[in-house]
Amino acid sequence: MPDLLGTSLTGMLAFQRALQLTSHNIANANTPGYSRQVAEFTSRIGGGSGQNYVGGGTQIASIKRMYDSLLVNQLQTAQTGLARFGALNSLSSRMDTLLADADTGLSASMQNFFNAVQDVANDPSNTTIRQAMLGEADGIAARFRTLDQQLNTQEKEVSDRLRLAVDDINRISGQIAEVNDLIAREGVGAQPNDLLDRRDQLVLELSGLIAVSTAEQDDGTLSVFIGSGRSLVIGIDAQRLGIRGDEFDPTRATIVYEGAGATAPLDASLSGGVVGGLLEFRTRMLDPARQTLGQTAAALALQFNTQHQSGLDLRGNLGGDFFGIDPPQILYSSGNTGSPSAVAQVADLGAYTGANYVLEFDGAGYTLTREDSGEVIPMTGTGTAGDPFVADGITIEVGGSPAAGDRMLIRTGHGAAASMQTLIDDPRSVALASPTRSSASLGNIGDATISTPITVDADDPGLLTSAVIEFTSATTYTINGGATVYTYTDGDPILINGNEVTINGSPTAGDQFTIEANLGASGDNGNGLLLANLQSLGLLENGAISINESYGQLIAGVGATAYQIQEGFEAQDVVFRNAEDAVLSKSAVNLDEEAANLVRFQQAYQASAQVVNVTKQLFDSLLAATSR
Amino acid sequence: MRVSTRGAYLNSLLAMQKLQQALDYTQRQISSGRRILTPSDDPIAASRSIQMVETISRLEQFDRNSTLALNRLSQEESALNSVNNVVQRVRELGLQANNATQSDESRGLIAVEMRELLDELVQLANQQDGNGRYIFSGNLDQTRPVSRSGSTFTYHGDQSQRIIQIGEGRQVADGHPGSRVFFEIRNGNGIFQISPAASNLGTGLSGEGSVVDPTAYDRDTYTFTMLTDTTYQVVDSSGGVVDSGTYETGDTITFSGIEFSITGQPVSGDEFTVAPSQNQDIFSIVDQLSTALEQSITDDASRAALNNAVNSGLLGLDQALGKVLDIRTEIGSRLAAIDNQVNLNANTILGLQTALSDLQDLDYAEAVSRLSAEAATLEAAQASFVRTQQLSLFNYF
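So the protein sequences, as listed, match chains F and P. Numbered per this note's numbering, the first sequence spans residues 1 to 628. Numbered per this note's numbering, the second sequence spans residues 1 to 397.
Hints were generated in silico from the structure; no laboratory data involved. Careful: at least some of the hints might be erroneous.
[Stated by the list, open to error] Cβ-Cβ distance ranges computed for the label pairs, FRET-style:
# : chain 1 : residue 1 : chain 2 : residue 2 : range
1 : F       : D181      : P       : F397      : 55 to 61 Å
2 : F       : G399      : P       : R144      : 55 to 61 Å
3 : F       : L5        : P       : M1        : 42 to 48 Å
4 : F       : V485      : P       : R144      : 37 to 43 Å
For each residue, glycine too, the CB sits at the ideal point set by N, CA and C.
Generate coordinates for the entire structure from the input sequences, incorporating the hints supplied.
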């Protein structure tokens with residue numbers, strides 16, 4: 001009889017606990033990362049009598065956490081991928097819109113500027129139109145500056161977000177270490193389900209920030225590793241990550257591992273998650289975009305200046321620099337022990353790349369390495385002012401007192417766009433006229449004609465000096481009455497003081513042709529036409545790429561990358577949803593199921609309670625039978 | 001597969017969010033009329049359309065350039081038309097004055113009109129455009145091209161002409177320097193000129209002459225001299241005799257690849273110089289003609305001098321008219337070239353705009369039907385969400 005009571009009591013206790021568990025499940029139906037818990041009943045072994053055994057009721061053998069580590073790992077991996085693409089996508093789509101949009105992009109300003117150059121070439125003596133052209137020049141310079149500034153803002157944002165992400169990583173790794181501690185205290189073999197859920201949830205959160213790998217230890221703690229096997233959490237200890245300024249640029253945040261005693265740079269080994277996405281965006285999109293933008297700005301400014309300097313302005317002076325742009329930036333490594341110095345200039349647009357280069361001194365000589373490709377670029381020259389190093393269209397002059405191992409970063413395009421400005425504010429100073437003009441003396445008897453001079457060497461000191469070609473016979477001529485007699489061949493180019501002309505036809509002795517400074521030629525647009533032509537003239541990559549095409553390639557490149565990232569993001573989203581679905585399907589609470597369990601356990605409890613009643617009645621019957 | 005309550009909820013929510021995103025995208029497409037909203041929607045189409053927009057803008061600039069060149073050339077053409085009319089009138093007056101019936105007085109009146117026409121001609125050469133810039137001074141467009149000092153006319157412009165870009169790789173000059181129009185008029189017949197010596201006493205009149213053998217003509221200066229009243233000889237610049245013979249009025253005299261005739265009766269000692277043509281200006285031609293008309297005729301020799309001067313002047317005027325015609329023809333072909341280029345540009349722009357529209361414009365019919373489909377799906381998703389969320393076993397407790 002007491003056996004009967006005991007047995008029913010085990011049922012009541014077990015079902016009471018099962019009901020409690022169901023209630024816990026229902027309460028956590030919406031808790032992220034919660035794995036539903038299921039009671040596993042086993043029967044109790046009872047006492048035996050002879051060969052017949054009667055069991056001793058029920059018991060809860062274990063409370064099982066409905067959980068599949070494989071699915072959870074998949075979810076963590078998917079989370080890493082999704083967060084990476086998410087960070088990339090949000091930044092790249094903004095950059096894409098910024099560069100290619102008709103209102104914010106460079107394209108419209110560039111077109112307006114060159115249209116204004118054509119307008120002014122059409123009507124060179126009109127100062128109002130000249131003023132309008134200067135306005136458009138200011139517009140294009142401002143647009144370059146704004147674009148670079150916006151890209152710079154994105155770079156700052158990347159640094160800020162990296163800082164926040166590192167704070168989060170440190171917080172989460174600390175929490176994982178704490179949970180490890182709590183779990184380890186439960187002892188080997190314990191199943192603290194809710195703590196385990198909490199730890200999984202923390203690892204999932206961490207996976208959203210950075211790619212991690214985990215290993216469960218015998219004592220129940222979880223070790224977390226990042227990058228190429230660096231430990232973030234071991235047992236109850238968490239390591240910290242930190243943010244340092246870049247070796248060359250203190251405003252550029254890089255992630256370091258703050259291990260015992262020393263810090264180690266991590267950027268190159270980190271991937272995945274928000275951190276991986278941010279770092280990838282910076283090197284894959286932002287750096288090349290700023291470099292190409294700077295390259296385009298420098299190409300426009302330098303080539304326009306060169307052409308502008310070979311024209312005459314309304315005052316009869318040779319043109320000056322039209323656009324101002326800073327030379328390549330030199331940044332010195334914070335690890336330098338000597339005090340090196342360097343000055344770089346863009347010398348050849350055809351070979352100029354806009355890339356970043358690291359110049360390293362090894363104690364004897366310098367080595368130039370392209371930063372993005374790691375390629376060593378051979379340099380000619382000796383690095384002195386008279387014979388500078390020349391590589392990839394850049395001249396580098398070195399000085400100071402460098403120590404072995406000193407490094408410098410040469411940014412040839414990065415940030416150049418930020419310094420672009422127009423240097424001319426007087427419309428009369430725009431040099432639209434050809435520097436020289438030619439004329440045939442009206443007294444000429446022969447029918448020979450002279451071509452408009454082409455400036456082949458704008459730097460010739462005698463460029464603007466008048467020269468008279470006088471024919472001494474039908475086939476010979478002298479220049480400025482000099483003693484040298486030249487032979488005339490119909491149509492052959494004649495080179496005088498950097499001017500090239502051709503004379504066609506049959507001259508007669510005494511015929512004169514004059515080349516002179518093009519003074520007062522307010523209506524001449526010879527240089528203006530050449531300026532307008534620069535838009536479609538091949539300048540970069542050995543003349544294969546025009547300024548327009550250079551920017552077009554930037555837009556197309558950014559657009560294509562942004563498109564790939566967007567596609568990748570959408571695909572990763574599906575992967576993540578599937579992984580999440582699988583985990584939820586396995587682990588999350590179904591309220592209908594719990595309702596059914598509620599009914600089931602309630603009924604079982606009631607039945608067990610009924611057994612007590614039956615026992616009581618049996619006992620009462622026994623008492624009634626024996627009380628007489 | 002087991003469905004968790006949270007999973008089911010998240011899934012329906014996510015599905016609805018996706019549908020809303022699609023709906024929003026379509027809605028933005030419809031309200032903007034553009035198929036591509038951000039470049040990453042279709043990066044290839046986006047970068048191509050940027051290039052097309054740039055090309056269109058460039059071509060439209062060429063059109064503006066063309067209009068400008070067209071206006072300037074038309075203005076020049078109309079100025080040249082006036083020049084032509086004035087020169088024609090001078091020519092008529094010259095012919096009229098050459099008539100033997102004219103008296104000194106009537107020729108004087110003709111000369112007065114001719115001088116007025118000369119003034120008009122100078123004004124035409126110094127004509128300015130609407131912005132006050134001289135149209136015939138080359139690129140020195142703020143310099144008055146023609147000045148007069150007595151009977152000397154000087155050109156102050158340059159010999160350049162401004163080039164206008166009217167198409168990709170296509171340029172056209174928007175005018176002609178005044179030197180070409182007014183100052184580079186070859187005298188005589190354009191190759192050589194025969195001029196009588198001022199001291200001639202006879203009535204010999206020179207014709208205009210012509211080149212019969214261009215290879216034999218050496219552009220030397222020759223002198224035709226009457227040795228007696230009936231014989232002549234021609235010597236070259238170094239004194240070598242190249243031709244001689246008996247003079248008959250109107251006979252063709254041929255030497256060194258050229259021929260000409262002299263009519264009338266020159267007398268012994270009269271000379272005619274045959275020199276290569278040189279540039280002269282149209283103003284001097286008219287001025288010299290007027291001066292010749294102002295001389296009174298006293299004898300046969302002075303009449304012959306008048307006739308020779310008028311003939312020479314008329315020859316110059318013909319050269320000038322020919323020059324003006326040449327330049328007007330050139331203007332005509334430039335205008336035609338501009339017309340062609342404008343048409344070509346317009347066709348290219350049209351083609352580009354069609355292609356651009358295909359690339360970036362929205363197919364409204366497709367978009368609107370897509371919008372309805374998406375809206376219907378979203379409504380269905382919302383309705384089914386509400387229904388399934390109401391389903392719970394707890395409802396039956």
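Supplied distance hint 55 to 61 Å, evaluated on CB atoms of D181 (chain F) and F397 (chain P): Violated: the Cβ-Cβ distance is about 42 Å, outside 55 to 61 Å.
V485 (chain F) paired with R144 (chain P), Cβ distance criterion 37 to 43 Å: Distance hint for V485 (chain F), R144 (chain P) holds at roughly 39 Å.
M1 (chain P) and L5 (chain F) - C-beta distance against the hinted 42 to 48 Å: holds (44 Å)
Assessment of proposed distance window 55 to 61 Å (beta carbons of G399 (chain F), R144 (chain P)): holds (58 Å)
The earlier numbered hint that this structure contradicts is number 1, and it is the only one.
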